[in-house]
Amino acid sequence: MEQAATQRTPHIQISDAACRIVGECYPENIQEFSAPVMSSLRSLVPNSGEYRVEMELFYFNSSSAKFLFDFFEFFEEKAASGLAVKINWNYREDDDTMLEAGEDFAEDMESCEFELVGVEVPSEGEAE
Amino acid sequence: MINDETLELHKFMQARRTLFCYSGPLSEELLTSISNPVRQQLSESESDEGVAKRVFGVFVEQAQNIIRYATLRADTGEGVGTIAISVTDNDGFLIEAVNAIDSTKRTALEATLLELSMKDAKELRKMYKDRLRSGPPEGSEGAGLGFIEMARRVQRFEFEIADTENGPVFVYRGYVS
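Just so you know, the protein sequences line up as chains V and H, in that order.
In this text, residue positions in the first sequence follow numbering that gives the first Met the number 0: the first is 0, and each later residue adds one.
In this text, residue positions in the second sequence follow numbering that gives the first Met the number 0: the first is 0, and each later residue adds one.
Chain H extracted, bound-state conformation (with noise of 0.2 Å):
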């Protein structure tokens, strides 16, 4: 008798139509290593290179977040979260992240994401640039550009932040076709 949740596993990715998922601590080391599998998973069922490109650079993104912001650290103090990229209904994808995060942070996590959701492409642009000229807010590791990149290349996002027993979770949802 097999395992009954290692069953349940492989039908609810299955039924998600996911291509790509992990789950645990992530490093610089082990983007490089996925980057060319998960590439070529996006290509072989994307034929429009333009939108496979704008996945790509979600997913980075998003991993780059776990990878400096995720509060919960493996002993070896990489970032743990999870992310996935599945196929859509309308056969476009869906990249979700979840991480754990500093409950200092959460307002201003949530004012920016609110920030980035009323956008238009327009404005996002111009937001992106602005923040390229300003440089990096402080406490942001990379160029503070993340989420409005991640934003530029979606349709649209959804994001929440959950309350865990260990502290808030940070849910993002990005839609690309």
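For reference, chain V alone in the conformation it holds in the complex (with noise of 0.2 Å):
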């Protein structure tokens, strides 16, 4: 599955070996955002094995906080019932809002691995 990005939903892509999702998100419609992606995960990933999530958010509003605790929650069950999976939380080093999202995620994570990847801002020019 891969949905591309729009001005508030991020890029997404879901296979049956890794989760990635960059960009930006808070839906028009949170319901209609996360059920597909749900729905999805669900179908696709397996029950073990490894499973990678790659996760790089700029910003996300507090109605998609809901669907992100869902989404690990999802993964920690998976991981709880076998499948090895390695989250990566990834944020720009600046940018104290998504750290403090990601280690409040990463504090519910027993069964799965979960990294804070601190990730170089560009320089002036090199960004866009």
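Because the hints were derived from the structure by calculation, they are not lab data.
We put the CB at the ideal spot given by N, CA and C, even for glycine.
Some hints here could point you the wrong way.
Here are the in silico distance ranges between beta carbons for each label pair [as the list claims (entries may be wrong)]: (1) V:S80 x H:E114: 38 to 44 Å; (2) V:N87 x H:E137: 34 to 40 Å; (3) H:Q40 x V:V116: 27 to 33 Å; (4) V:S38 x H:S32: 25 to 31 Å.
With the hints as a guide, bring both chains together as one complex.
The following block contains the structure:
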């Protein structure tokens, strides 16, 4: 499953080996956004073996926080029953908000490996 | 002769250093349309991206509050309110929102905001997490996290519930610098 980014939603890729979510997340309708993502996860993510999750969000609103909570809970349950899940939470090194958000999600992780990865901020001129 | 009110409106906005102001029916589609211009205004007047993002975050939560909970609705169903971003004297930002509320919700809203205004960053962070785990309270269309999110992003906020002839009106002022 692949979904291109929109102004208010991130680029999403979900396969049977990895999932990647990159961009902004403050959808117009959170249910319409989250339902197909969760349904793709349920049909594609295997019960055993290894799975990688790459997250790189620049901004998400409070309605999306609940989606992210459910998203990580899905992987916690998978990991608890035998899937080796590695989650990378990428945040820009100067972005305390996204770092704190990652730390808070990490706290709830018992079965998944959850790593906070500081990404260097592109210097002036390189951005965009 | 120019209409006095028009000129006064212009002077008032200029004196307040208002970057963006909208008053009227607000929808998610409109929020999409105004998001880019708002962000552009913010990045032009603020070099610290973190500050610009916090201002934008508060703006989004306030806009969605109006969209979901404003009791004055346009004929087309959209919530009616006013939302503005201005530059303050210390070159920080003031994000303002005004909308009519249900008089039965008044006491609960006052209690919630009063509680939030007394919490420090650590307590707000914990509240946010706890709320995320427990799910939204009854009557919430979002995650019930909006006001906590705003309180975490601002240095301080002020609120007031003003009585008008058409019922109570909620006034919110958040400061980010």
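We went through each hint and held it up to the structure:
| no. | hint | result |
| --- | --- | --- |
| 1 | V:S80 x H:E114: 38 to 44 Å | holds (39 Å) |
| 2 | V:N87 x H:E137: 34 to 40 Å | holds (36 Å) |
| 3 | H:Q40 x V:V116: 27 to 33 Å | holds (31 Å) |
| 4 | V:S38 x H:S32: 25 to 31 Å | holds (29 Å) |
Checked against the numbered hints given earlier, this structure breaks none of them.
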